[in-house]
Amino acid sequence: MAKWDSVKPERDLYGSNLTETPTVDARRTEEVVEETVETGAKPLGLWADTWRRLKRNKLALVGLGIIIVFLSIGVVETAFYQAHLHIRSSSDTRANSHVAGYLAPYDPNEVNYALSPQGVGSPPSWKHPFGTDFLGRDVLSRVLIATRIAMLVGIIAVAIALTLGLLLGPISGYYGGAIDSVIMRIADIFFAFPYILFVLLIMSVLGQGFQNVFIAIGVLGWASFARIVRGQILSVKSMEYVEAARAQGAGDVRIIFRHVLPNSMAPVYVAVAMAIGGAIVTEAALSYLGIGVQPPESSWGLMIAESVQYLASGNWWWLLFPSLALTTTVFGFISFGNGLRDATDPKLKE
Amino acid sequence: MSLLEVSDLRKHFPIRTGVLKRTTGWVYAVDGVSFDVEKGETMGLVGESGGGKSTVGRALLRLTPATGGNVTFEGINVMKASRGEMQKLRSDMQIVFQDPYASLNPRMRVRDIVGEGLVIHDVGTDAERKKRVAELMDIVGLSPEQAERYPHEFSGGQRQRIGIARALALNPKLIILDEPVSALDVSIRAQVLNLLEDLQDEFDLTYVFVSHDLSVVKHISDRVAVMYLGKLVEISDSAVLYDFPQHPYTEALLSAVPIPDPQTERSRKRIMLEGDVPSPADPPKGCVFHPRCPRAQEICTTAMPRHVPTPGADAGERHEVACYFPARFKDGQRFVADEPFRDALPEDQA
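Line order of the protein sequences matches chains A and B. Mapping of the first sequence onto my numbering: residues 1 to 350, in sequence order. Mapping of the second sequence onto my numbering: residues 1 to 350, in sequence order.
Hints listed in this document are in silico derivations from the structure and should not be mistaken for laboratory results. No residue lacks a Cβ here, since even glycine has one placed at the ideal position from N, Cα and C. Nothing false has been slipped in among the hints.
Here's a subset of chain B near chain A, in silico, CB distances under 8 Å, partners left out: (1) 61; (2) 63; (3) 87; (4) 94; (5) 95; (6) 97; (7) 99; (8) 105; (9) 106; (10) 107; (11) 116; (12) 117; (13) 121.
Using the sequences and the accompanying hints, generate a full structural model.
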């Protein structure tokens, strides 16, 4: 039987909770501090804030989705490519080299004249959704394998350009004076030259081959990154928080790495997204001109170039699908870049 | 010996034009400013925008290199301090900036902003620094937990408190307050001013308070220095200066301060200065104020009057003025002598 006297009512007359201990924090300041330090309460950082605003931009999300899809294809196909190369070199008969990609239904380099009656390929069918080209190669497989080259060009070329730009831009902007003038005049020269012509020039020096395409595009791209970083640093280094750091006794290195650079990078990330799209187009253009990726290697630009010769025969699929892949990818990078710019611009805060 | 002694401080900015960046002229932002600040007092520095007030503040801390003159802090020449001495001075002399949005690095957490000085000067262990930051947050009226947040999560007044906490971190003796409340809402201003006054009492601080707001300066300052076009025109105890201004520019400034009483406000005479502040790149010959001065006579166009003490019962204890025709007060009556003030005459004429 319950001891009635020991049972206290849970609530008093006014509905206040009696059984719970009071929630007032009676701890001293230091205790609270130690706790927050240990648990590391995570407030909204600037990146989280950027992501929150980016999420609202549908076009940017579509762009991001496209980038992720194509990057995944690129990564998977690169993995396949390595395995594929290995099989090819280890087997002595051509017949054994016919290996489908992880995503591609067929070997992108498998020639099958049966699929190319009259030597102009065959239109899309259930077995070959994107049709086949003049050698009877599966266009879908070739578009997929070419994604690898496109992504590699985009990332490696931009990485080269970014490295050079991030090396020269800050020097130019932070120290100014004669160094600044020299670096910026060189950048002007790079800007003044017609782009494709300059790439052609470099390619003719380095020789053909797609590794050299990376280098050529990368070397030419530094100037725009250097300019962006320099401009940012010029405006950031005169900010009051930089002066405040100096008043605290901070040296040049600390000011550059803790204060100036972190606040100068947002437009650079945007430029990177845009530049990757640009580099992919440039690679396509170079391959189209015949100085980029060489057959039998597959590249969107190369496929477009090959298909154009046969356009009169009405084989539209051969032109359409690589072009579609190219424009979609570039659209993805550019709309993501645009969204990123809007999201990182504090002036556009709602 | 005063805590801070400033003598003949000058800061001239070169005007560079053309491709070769040749110096074609100078902006005389600060031109021969001298004053002393005693330990524990608040020196107000007032004047119109472009008068060189902020430049004085920055030159005192050597945030901008002075063109000439001397700044002595506790007997150490700030202008000529070695690296090591300067580092020590940095912890003794701090600054709070005008714009609470521009003066905090948006990519750093508040704890890193407030504690940066401690890291730079290698004070204490990590745990001790955390404790000190929490203590500082508490001192300026913020909760220690908020130190985990980023500046953009705070209001203007809170941000200014963070700026003050940063300035206090190293236990400074002198704080330059560069328009610390100008960017704040009127409702927040009083809170921050009161905080500053409390801190001064608690930590025995000395302030140099730069502002264009005469009411605020009157409220907080023990002494006030009035600047016009890079020069000090009058300096005195705050109470005396506001009731018995001697320099015509001080009179004009004070007559523009609104009086919170409609009848007095309506009946009083307002001195309207003619024309604009002349360009500091081309200051007027003679007294810099003479083109706009209602009392200007021929002698005013010849040379800048010397900055001299004005003795007399009407003047403050350390009242100094740079004027040939200062207003004097006798038995509550204001009068201006016909003869130029002899002490102010240039040395060769006196």
